[in-house]
Amino acid sequence: MLIAITGAAGLVGTLVRPLLRRPGRVVRLTDIVAIDELGDGEEFQPASITDLEAMTAAFTGADLVIHLGGHSAERPWEQILETNINGGYVVLEAAHRAGVPRVLLGSSLHATGYVAARDAAAAPVLQPRPDTYYGVGKVALEALGSLYADRFGMTVVSARICTVADTIGTGGRTLSTWLSPADLARLIETVSELDRPGHHLIWAVSDNTRSWFSLEAGKAIGFHPLDDAESRIGPDTDVREDRDALLAGVFADANHPLGGTW
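Going by the UniProt record's numbering, the final residue of the sequence shown carries number 262, and the count climbs one at a time with no gaps.
No lab work stands behind these hints: they were computed from the structure. These numbers come from a predicted model, not from an experiment. All clues stand as given, with none of them false.
Distance windows between CB atoms, simulated:
1) T261 - Q45: 27 to 37 Å
2) L52 - E78: 12 to 22 Å
3) G259 - V125: 24 to 34 Å
4) G222 - A121: 16 to 26 Å
5) E193 - T60: 17 to 27 Å
6) E241 - Q45: 39 to 49 Å
7) E241 - A220: 26 to 36 Å
8) E78 - D40: 33 to 43 Å
9) A185 - E216: 19 to 29 Å
10) R240 - W262: 16 to 26 Å
11) R21 - T60: 19 to 29 Å
12) Q45 - G24: 13 to 23 Å
13) W262 - A143: 19 to 29 Å
Computed list of lysine to aspartate or glutamate pairs in DMTMM-like fashion (alpha-carbon distance at most 25 Å, straight line):
14) K219 - E193
15) K219 - D119
16) K219 - D63
17) K219 - D166
18) K219 - D150
19) K219 - E230
20) K219 - D207
21) K219 - D195
22) K219 - E189
Even for Gly, the Cβ is constructed at its ideal location relative to N, Cα and C.
Please put together the full structure from these sequences, using the hints given.
If you want it as structure tokens, here you go:
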């Protein structure tokens with residue numbers, strides 16, 4: 001099996017890469033940032049997600065594309081448009097041209113950032129309420145995923161990724177939003193075997209005791225997270241819950257202006 005990952009040099013890619021290594025599996029890493037140290041079965045192919053020819057070449061022969069590339073926080077509209085929105089189109093078009101059957105898109109809870117935490121589990125799938133241009137970019141990515149799945153019979157999973165980290169730090173909202181690297185790896189393994197053409201929109205979050213999210217859409221495609229932030233509570237953990245808070249967190253704070261560079 002060949003898995004191709006965009007944005008592999010970023011935080012999320014770096015955390016999950018070691019968990020994807022298997023005998024007989026090749027993991028092709030792509031990024032505009034060089035990756036010098038490669039693990040067993042890994043290969044690096046420099047490429048920008050805005051370069052259709054380079055992306056098509058990088059995806060050739062892949063069984064699964066994992067799209068983690070792009071800006072990971074708010075940026076001016078022109079940058080979101082070029083890198084996150086156009087880049088999402090390029091990734092999906094390249095996957096289609098290369099004949100890749102499955103794509104896992106890294107969406108974000110910021111596609112629904114203006115939903116209050118208390119309302120987030122009201123439905124397995126929430127309507128978009130983006131909190132930033134970054135969030136708008138993720139909504140556009142989900143829409144593109146839906147289009148390519150329907151038009152070309154691809155299996156596309158848009159995963160609204162929450163807080164990916166090895167630990168929960170001092171807790172706070174992370175007790176509700178944590179996605180362990182191991183659970184992200186479980187999601188990737190699930191999608192690598194998924195044979196259900198169409199667009200599947202799910203939450204990428206661990207099975208946290210204080211979770212704000214429904215896991216039903218993920219379970220419907222076979223994703224069963226096992227980790228719980230509660231198991232990481234220590235003496236300095238902030239266990240306060242604020243279900244009146246927005247999913248956006250600081251992304252909707254007045255100190256983080258729309259289109260600003262954070």
